[in-house]
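Enquirer: Chains as they are written, first to last, in our numbering: chain F, 1 to 155; chain G, 156 to 262.
One should not assume that every hint holds.
[Said to hold, decoys possible] Once the Cα atoms are required to be at most 25 Å apart in a straight line, the calculated PhoX-like pairs of lysine-lysine come out as:
(1) G:Lys256 x F:Lys108
(2) F:Lys85 x F:Lys115
(3) F:Lys49 x G:Lys250
(4) F:Lys6 x G:Lys256
(5) F:Lys13 x G:Lys256
(6) G:Lys257 x F:Lys115
(7) G:Lys201 x F:Lys4
(8) F:Lys62 x F:Lys31
(9) F:Lys115 x F:Lys53
(10) G:Lys256 x F:Lys84
(11) F:Lys84 x F:Lys53
(12) G:Lys201 x F:Lys6
(13) G:Lys201 x F:Lys108
(14) F:Lys115 x F:Lys84
(15) G:Lys256 x F:Lys46
(16) G:Lys201 x G:Lys242
(17) F:Lys31 x F:Lys6
(18) G:Lys242 x F:Lys85
(19) F:Lys66 x F:Lys46
(20) F:Lys54 x F:Lys4
(21) G:Lys229 x F:Lys31
(22) G:Lys242 x F:Lys31
[To be verified] Restraint-style ranges between C-beta atoms, simulated for each label pair:
(23) G:Gln181 x F:Glu123: 45 to 51 Å
(24) F:Asn68 x G:Glu238: 39 to 45 Å
(25) F:Ser57 x G:Glu215: 47 to 53 Å
(26) G:Glu246 x F:Ala93: 52 to 58 Å
(27) F:His119 x G:Pro169: 51 to 57 Å
(28) G:Asn217 x F:Lys66: 41 to 47 Å
(29) G:Gln216 x F:Thr117: 27 to 33 Å
(30) F:His119 x G:Arg172: 42 to 48 Å
(31) G:Gln216 x F:Gln127: 19 to 25 Å
(32) F:Pro36 x G:Glu238: 30 to 36 Å
(33) F:His119 x G:Asn217: 46 to 52 Å
(34) F:Gly83 x G:Pro169: 23 to 29 Å
Honestly, the hints are just simulated from the structure, not real lab data. Predicted, not measured: the structure shown is a model, and the values here were computed from it. Cβ coordinates follow ideal geometry from the N, Cα and C atoms, glycine included.
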Amino acid sequence: MEQKTKVNAEDGKQDLVITREFELPVELLFKAYAEPEIVEQWMTSKVVKLESKKYGSYQLEKTDDKGNIVFQANGVIHEFIPGKKITRTFEMANTPFGVQLEVYAFEKLTDDTSKLTMHVIYESVAQRDQVLQLPFAQGINWAHNRIEEVARQLK
Amino acid sequence: MNLRRDVFQAIADPTRRAILLLVAAQALTAGAIASNFDTARPTVSKHLQILTECELLTQEQNGREIYYHFNPKKMKEVADFIEPFRKMWDERFNKLENIMKKYNSKK
């Protein structure tokens, strides 16, 4: 089966490309990136600030049940061309992953479909590979949490 | 669950990656593998044990010697190491798509 979301990360390079085709008109796809209240929904993070314009900045935040901040990300927008392109930086606070440069290209395929190409450039090959392994490490933690939960119920 | 059997954990170590490269070229005994490293022999044995436990290497008895073979099938899983990253984005984009489809119909 053809995968909707593709990741192309060549060995030994410090960038990667994520592509995805959407069953959405390109205007709606772009809106999902431009409107704070929509970003909040699909990123499942609180949008503290999002200035969708050239030289604007943004800040995302995720808190746990107790109100502790578990994830914080921020960056500045260098280019903002409605329906076409966003160029921005992205940095996760308090992590060793550095600043990444993200170039989003929005493309109309048909009236009802569109394509997003996300080019992400990292500070080094090592940092890119660390980020690539991040969800995997999380996956392990989640698996552990689930195991713990199941174990607790067995008691 | 034995975490050590995790294939990703196994290749996180540079010495173990070097061992895999050596053995991928030809099956070798523990002694032959160890001679390629400055590391103490027991350390190399430990690495071999870990690589065998996670099935990146297989052992084959040949007379008195045990030869280590590379297991390419298991390595395939490593090649797919970006899969969790891809899945994470796929799920995120699915969510975006669903939200915007509803957004569209609301109008």
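Enquirer: So, for every hint listed, does it hold in this structure?
Expert: To see whether the hints hold, each was checked on the structure:
no.	hint	result
1	G:Lys256 x F:Lys108	holds, 16 Å
2	F:Lys85 x F:Lys115	holds, 12 Å
3	F:Lys49 x G:Lys250	holds, 21 Å
4	F:Lys6 x G:Lys256	holds, 21 Å
5	F:Lys13 x G:Lys256	violated, 36 Å
6	G:Lys257 x F:Lys115	holds, 19 Å
7	G:Lys201 x F:Lys4	violated, 42 Å
8	F:Lys62 x F:Lys31	holds, 22 Å
9	F:Lys115 x F:Lys53	holds, 21 Å
10	G:Lys256 x F:Lys84	holds, 20 Å
11	F:Lys84 x F:Lys53	holds, 13 Å
12	G:Lys201 x F:Lys6	violated, 37 Å
13	G:Lys201 x F:Lys108	violated, 55 Å
14	F:Lys115 x F:Lys84	holds, 10 Å
15	G:Lys256 x F:Lys46	holds, 21 Å
16	G:Lys201 x G:Lys242	violated, 34 Å
17	F:Lys31 x F:Lys6	holds, 22 Å
18	G:Lys242 x F:Lys85	holds, 24 Å
19	F:Lys66 x F:Lys46	holds, 15 Å
20	F:Lys54 x F:Lys4	violated, 30 Å
21	G:Lys229 x F:Lys31	violated, 43 Å
22	G:Lys242 x F:Lys31	holds, 23 Å
23	G:Gln181 x F:Glu123: 45 to 51 Å	violated, 38 Å
24	F:Asn68 x G:Glu238: 39 to 45 Å	violated, 30 Å
25	F:Ser57 x G:Glu215: 47 to 53 Å	violated, 60 Å
26	G:Glu246 x F:Ala93: 52 to 58 Å	violated, 23 Å
27	F:His119 x G:Pro169: 51 to 57 Å	violated, 29 Å
28	G:Asn217 x F:Lys66: 41 to 47 Å	violated, 59 Å
29	G:Gln216 x F:Thr117: 27 to 33 Å	violated, 53 Å
30	F:His119 x G:Arg172: 42 to 48 Å	violated, 28 Å
31	G:Gln216 x F:Gln127: 19 to 25 Å	violated, 44 Å
32	F:Pro36 x G:Glu238: 30 to 36 Å	holds, 31 Å
33	F:His119 x G:Asn217: 46 to 52 Å	holds, 50 Å
34	F:Gly83 x G:Pro169: 23 to 29 Å	violated, 46 Å
Against the hints set out earlier in the document, violations occur for numbers 5, 7, 12, 13, 16, 20, 21, 23, 24, 25, 26, 27, 28, 29, 30, 31 and 34.
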